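Enquirer: One-letter residues, chain by chain:
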Amino acid sequence: MIPLRRLEAGAVPLDESDVDTDQLAPGRLLLGPMSATVLLHDRRFDAAGAPRADFVLNDPVYAGAGILVARRNFGIGSSREYAARALPAAGFRCVIAASFGDIFYGNCLQVGVLPIALDDAAIDALQRRLHERPGLRVTVDLPAQTVRAEGWEARCFTINAMRKTCLLEGLDETALTERYRDAIGAFEAAYYGASPWLA
Amino acid sequence: MPPQTLVEKIWNRHAVVTLDGGDVLLYVDRCLMHEGFWWNAVDALRERGLTVHRPENIIACADHFVPTAGRALGHAGIDDPRRRELILRLENEGRDLGVQVIGMMDPRQGILHVVAPEQGITLPGMVIVGSDSHTSTHGALGTIAFGIGTTEVTHVMATQTLWQTAPKTMRITVAGRLAPGATAKDLILTIVGKLGVGGGAGMFVEYAGPAIAALSIEERLTVCNMSIEFGARAGLVAPDATTFAYLEGRPHAPHGADWDAALAQWRLLRTDAGARFDREVAIAGETVVPMATWGTTLDQVIPIDAPIPDPAAEPDATRRDALERALAYMDLRPGQRLRDVRIDRVFIGSCTNGRLEDLRAAAAVVRGRTAVVPAFVSPGSSDVKRAAEAEGLDRIFIAAGFGWHDSGCSMCAAANGDTLAPNQRSAATSNRNFPGRQGPGSRTHILSPASAAASAIAGRITGAGALGAHA
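Those protein sequences? They're chains Z and F, same order as listed.
Residue numbering for the first sequence follows the numbering used here, starting at 24 and increasing by one per position.
Residue numbering for the second sequence follows the numbering used here, starting at 3 and increasing by one per position.
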């Protein structure tokens with residue numbers, strides 16, 4: 024995982040709720056390799072593969088943006104990790120929303136994307152600010168757990184401490200778990216001793 | 003010891019290590035995988051130089067990409083070379099790694115979430131994870147079961163554990179009995195409608211009460227399957243006599259002295275009186291009637307004969323915007339009735355509603371009638387298919403003009419090529435109505451097997467009751 028500490032980048036207002044994993048990474052694209060065009064593919068491109076001019080991600084003012092701002096229930100649906108991996112592949116290391124699909128939220132943290140949940144009022148204000156000032160840059164400070172933008176009241180966000188450490192240091196959980204190999208072995212001996220039919 | 007919930011009992015039994023911050027290294031009994039993400043996980047495993055810790059505890063089953071017609075042709079019958087390659091990777095690499103493989107031509111083949119309970123792989127008190135969000139299905143047998151992404155699957159393959167935080171719990175108590183004509187599908191759609199797609203975010207949900215206790219295991223599987231659709235991480239039902247009767251004698255269930263010992267442990271898997279949940283929800287069973295989704299999220303759901311909601315009546319601006327988007331995508335108007343909406347296709351199957359009882363319910367509606375739109379049935383497993391054929395259900399469907407297909411995820415995930423054309427509208431017994439779920443531009447209405455069958459006969463979204471008595 025590529026570490027993430029501080030991010031200052033243009034933010035795209037994807038001003039809607041319920042952006043599900045099937046939209047984030049359509050099922051048929053899961054057959055192939057990850058690429059910059061997987062993210063929201065059928066929203067961004069028409070059947071012939073041409074960009075849809077009326078979709079916010081295709082607006083040139085957001086070229087090079089690194090933060091996506093949505094509303095409620097971002098990433099609901101499937102466990103497909105491509106829905107999370109499509110974000111950094113398209114240049115986004117952070118999503119700010121009012122709430123997230125549970126599995127998607129976990130997947131983001133596994134693939135080096137920071138999901139930030141803020142309350143509805145904060146999201147509403149940020150959406151309005153981004154509409155007023157298209158291309159506005161947003162700054163995320165992971166060690167301090169703050170997010171701010173010019174003309175918008177800065178907010179704090181919460182994140183599990185272990186996941187935060189993994190993101191900050193680019194750590195993989197498997198390395199952490201290696202420290203507990205003996206504990207797993209002892210657990211298994213007792214567990215399968217008590218319930219041998221589970222082995 | 004203070005009173006504990008069922009979730010806490012299973013959880014505590016599986017906690018290998020608990021850190022100061024509350025993070026728990028949770029032991030995993032079984033990891034379920036399908037060919038859709040098998041290759042991602044194995045590639046990641048190789049890249050990181052990891053080995054599989056307990057291969058026999060990993061179950062790999064071909065369901066997402068398998069064709070549901072022409073199965074007799076074997077792998078040669080798969081049109082798309084990439085899908086064929088990924089199915090073969092699961093089968094060949096699975097065998098090389100020593101995991102339990104249920105390949106495309108295996109007589110047990112079917113949808114993972116139908117096959118594992120049916121084979122007795124899913125047992126009460128287990129922690130089960132899977133590379134699929136509908137892994138929540140397995141909670142019907144009294145397990146903690148949930149879906150994870152491929153990076154976490156890789157962690158489980160390498161260590162048989164997963165990092166989690168302490169569970170938040172919810173209990174949904176369903177009193178009384180469901181209204182006549184209402185099914186387990188209508189119950190879970192009612193729950194999703196009531197709580198909203200984010201209403202149970204990250205929670206472990208226990209379904210309880212007389213209406214739940216009265217459900218068969220197949221019905222409980224339907225309810226638990228869609229727990230994820232209101233945001234829950236997992237849903238489960240305490241194991242009881244119905245559970246034990248279902249499991250006894252299944253191929254992977256314990257036998258002999260092991261069965262007796264297992265039963266003694268399983269009988270303790272109940273929420274203690276006085277145990278506290280983070281949230282309690284009460285539903286009156288009598289209020290559950292046949293339901294259908296009209297929109298593009300599962301909480302955009304109404305009684306099948308009710309008018310489609312008017313966004314103008316929605317005070318919350320974000321929700322209003324979502325309703326307007328859904329109406330536009332689905333090409334519907336406020337106040338319109340679903341019975342006035344023509345459909346193009348009917349799909350009966352999936353891990354939600356592809357079991358024998360589902361097919362019986364659909365067959366009872368179509369018997370002696372004729373579908374007026376293209377419709378097909380994909381049984382949830384090859385076992386279900388054979389059992390249905392032994393009862394003559396296939397002949398009922400075929401006589402009514404339905405296609406009788408082989409088993410797989412088929413038009414639910416639409417990952418095997420079974421798709422709708424743009425702007426086509428389906429009535430489906432599956433679990434998601436997201437934009438483009440059944441193919442780019444597809445429009446999906448989710449309902450029960452009986453309602454899907456009735457809709458095929460009527461060519462419109464309708465409940466079985468509206469068809470009147472059989473001629």
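FYI, nobody ran anything at the bench for these hints, they're computed from the structure.
Do not take every clue at face value.
What the hints assert, rightly or not - 30 Å max Cα-Cα, derived DSS-like pairs, lysine-lysine:
(1) F:11 / F:196
(2) F:170 / Z:187
(3) F:196 / Z:187
(4) F:11 / F:170
(5) F:170 / F:196
Everything numeric in this text was worked out from a predicted model, so none of it was measured.
Enquirer: Now tell me if each hint is right for this structure.
Expert: Each hint tested on the structure:
Straight-line distance between C-alpha atoms of residue 11 of chain F and residue 196 of chain F comes to about 28 Å, which keeps the hinted pair within the 30 Å bound. A threshold of 30 Å between alpha carbons decides the hint, and for residue 170 of chain F with residue 187 of chain Z the separation of about 21 Å falls inside it, so the pair holds. Only pairs whose Cα atoms come within 30 Å are accepted, and residue 196 of chain F paired with residue 187 of chain Z is rejected, the gap being roughly 34 Å. In summary, the hint linking residue 11 of chain F to residue 170 of chain F is supported, as the alpha carbons are separated by about 13 Å, within the 30 Å threshold.
With a C-alpha separation of about 19 Å, the suggested pair residue 170 of chain F and residue 196 of chain F falls inside the 30 Å cut-off, and the hint holds.
Violation of the numbered hints given earlier is confined to hint 3; every other hint is satisfied by the structure.
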